[in-house]
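Assemble chain B onto chain A, guided by the hints.
There are 2 protein chains.
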Amino acid sequence: MIDGHGDDIYSYEGIRVNFSSNIYAHADLSKLEAHLCRHIDAIRSYPEPSARSLEKAIAHECGIDADEVLVVSGATDAIYLIAQAFRDRKTYCVYHPTFSEYDDACQLFGYEERPDGALCWLCNPNNPTGRVVSKDFIREVSSAHEILVVDQSYEDYTDYPLPQPADMLCQDNTILLHSMTKRYCIPGLRLGYITAPADIIRSLRQQYRPWAVNALAMEAGKWLLENKVQLVPDLKAYLQETQRLRQNLSRLAGIECFDTQTNFFLCAIQPCSAAELKEYLAREHGILIRDASNFRGLTPHHFRVAAQTSEENDALVAAIAQFLQQR
Amino acid sequence: MIDGHGDDIYSYEGIRVNFSSNIYAHADLSKLEAHLCRHIDAIRSYPEPSARSLEKAIAHECGIDADEVLVVSGATDAIYLIAQAFRDRKTYCVYHPTFSEYDDACQLFGYEERPDGALCWLCNPNNPTGRVVSKDFIREVSSAHEILVVDQSYEDYTDYPLPQPADMLCQDNTILLHSMTKRYCIPGLRLGYITAPADIIRSLRQQYRPWAVNALAMEAGKWLLENKVQLVPDLKAYLQETQRLRQNLSRLAGIECFDTQTNFFLCAIQPCSAAELKEYLAREHGILIRDASNFRGLTPHHFRVAAQTSEENDALVAAIAQFLQQR
Chain A
18 MIDGHGDDIY
28 SYEGIRVNFS
38 SNIYAHADLS
48 KLEAHLCRHI
58 DAIRSYPEPS
68 ARSLEKAIAH
78 ECGIDADEVL
88 VVSGATDAIY
98 LIAQAFRDRK
108 TYCVYHPTFS
118 EYDDACQLFG
128 YEERPDGALC
138 WLCNPNNPTG
148 RVVSKDFIRE
158 VSSAHEILVV
168 DQSYEDYTDY
178 PLPQPADMLC
188 QDNTILLHSM
198 TKRYCIPGLR
208 LGYITAPADI
218 IRSLRQQYRP
228 WAVNALAMEA
238 GKWLLENKVQ
248 LVPDLKAYLQ
258 ETQRLRQNLS
268 RLAGIECFDT
278 QTNFFLCAIQ
288 PCSAAELKEY
298 LAREHGILIR
308 DASNFRGLTP
318 HHFRVAAQTS
328 EENDALVAAI
338 AQFLQQR
Chain B
18 MIDGHGDDIY
28 SYEGIRVNFS
38 SNIYAHADLS
48 KLEAHLCRHI
58 DAIRSYPEPS
68 ARSLEKAIAH
78 ECGIDADEVL
88 VVSGATDAIY
98 LIAQAFRDRK
108 TYCVYHPTFS
118 EYDDACQLFG
128 YEERPDGALC
138 WLCNPNNPTG
148 RVVSKDFIRE
158 VSSAHEILVV
168 DQSYEDYTDY
178 PLPQPADMLC
188 QDNTILLHSM
198 TKRYCIPGLR
208 LGYITAPADI
218 IRSLRQQYRP
228 WAVNALAMEA
238 GKWLLENKVQ
248 LVPDLKAYLQ
258 ETQRLRQNLS
268 RLAGIECFDT
278 QTNFFLCAIQ
288 PCSAAELKEY
298 LAREHGILIR
308 DASNFRGLTP
318 HHFRVAAQTS
328 EENDALVAAI
338 AQFLQQR
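Here the protein sequences line up with chains A and B, keeping their order. In this text, residue positions in the first sequence follow the working numbering: the first is 18, and each later residue adds one. In this text, residue positions in the second sequence follow the working numbering: the first is 18, and each later residue adds one.
Take every hint as true, because none was put in to throw you off.
As the list makes no split between identical chains, a pair holds if one copy fits it or if it spans any two.
As a list, the in silico DMTMM-like pairs of lysine to aspartate or glutamate whose alpha-carbon atoms are at most 25 Å apart: (1) K107 / E129; (2) K239 / E30; (3) K73 / E30; (4) K239 / E50; (5) K253 / E273; (6) K107 / D121; (7) K107 / D133; (8) K239 / D58; (9) K73 / D20; (10) K239 / D20; (11) K253 / D331.
Hints were generated in silico from the structure; no laboratory data involved.
Next up, chain A with everything else stripped away, as it sits in the complex:
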């Protein structure tokens, strides 16, 4: 899917606050940006054809082997690569509602959807619901399918215990996806990685094009690992703020908010469509939310928000309250 994702800020003018992507908009990236500007001449040379030096650094960080890591140009690139690499399995399954690219990538490569599909996708925490499943549940799902992909793009925004790369290597059919885009709030750079048993990484690498990861993404990844920067001020406080926003929104008559274990959550507006609310908020308040009606399994009334600062969250609640009163 090209259009219809969140962070479609390029389609609007005058957006001041962006709740539409699952990313904290106020991360302090000043040191990273200064580092990239000092190394901007990296644009002049080809990046490594395969991002081996960054793979070594990630492996070291995770306590696994470098041949158990594949660095990719963002988690979405990983999703398409995995669908491509296992296309001879022919069937897949996915738990809706979830990120639409699993469906799209599998359909592109001719898979059929079946409850017992060979290639199973789990998003944990799940987009758009923000729900986390247990390690036991993951083990169960993994034993029911030939290959399990657990997309942990949002792993750094929950305090629930999630499978770590080193834990999962003993399950020879399980692949974890990780998003440096989300961890470090750098979606413009395109950077992520896959961890899996070496056999799986080898077969994915054979299907992967050279020079896929640009030189500045690679430079940023290495610097961020070395410098262990803290980008989101404090996870506990941020998750508490998310719950405060959720409670304040759910107090509005006509708004239902669903449970979450991360920094974003799903809502439904009763009196009208989410599209109508989205247009109003963008036009009248410079606020962008994610119309979630195009997630399979959801309705025209669903929308998703990712918590931002307290002031911005309060502004969102006030703006939605005003919209509901005016109707």
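Same frame as chain A, but now just chain B:
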């Protein structure tokens, strides 16, 4: 192929002069770099899921329609996308020696190589030979195959007349690849585009992942088109310098140099392997050349060089002369 390409500078220490990639190493990128540093906060937001705004600018520049352009993350990304999109055609053909990724991408998607293959690849100017074929030859090849891809990655480094995007749209089976990496000497950023009839672009776009082009590459592309910067001092002088280097090298006993119509060319060393020469030049002189022995159709004696400044070119000739004398 991951290893074995040119510009493998990351594998060596102390390289001072790089003849191994087909890129002019002294392009003046200072204004572009300053522009990117001013817009480094582009890393904080998702790029457009599909690079439509840059596609419009390119279409305007080429005098074609925006739906006849697809911006990609470098020409190699385009090669894999095209092989993927036409994989139901099942056969391909390619003229050796040439860039190895056409073979690799087609084999990845299960194609068989046949002289009458449905999907035909032409590199023009050709890598590694630097030879240019005529527009008539391209028309002939195009009528002999279901689909023809002409990779014009090196189009800005020849003064021979090449097909322009607008000329080729009347041939409904012909795809042109263009490399902004090569045109603007920015291989670290990953940027290229495809021009083709709208039907072909539509089917390629359907197979393409979202957010494929990073935000800084997009920012650079737009700025470069707007500012029409001249990066290589003067094409005529650069091509003359290339011919001077070629003649000086071919005067060395034991070195054969082949014809070229661009800024790089193929050589063969008789007394030993190109690998041996490459190691000597890297170790003793900090000079990197491209061992071309892994191009299909070439021998262990072949190597490729791209001309640089006169002084650097003279240093290459002197270093190879020294190597030959010492043997």
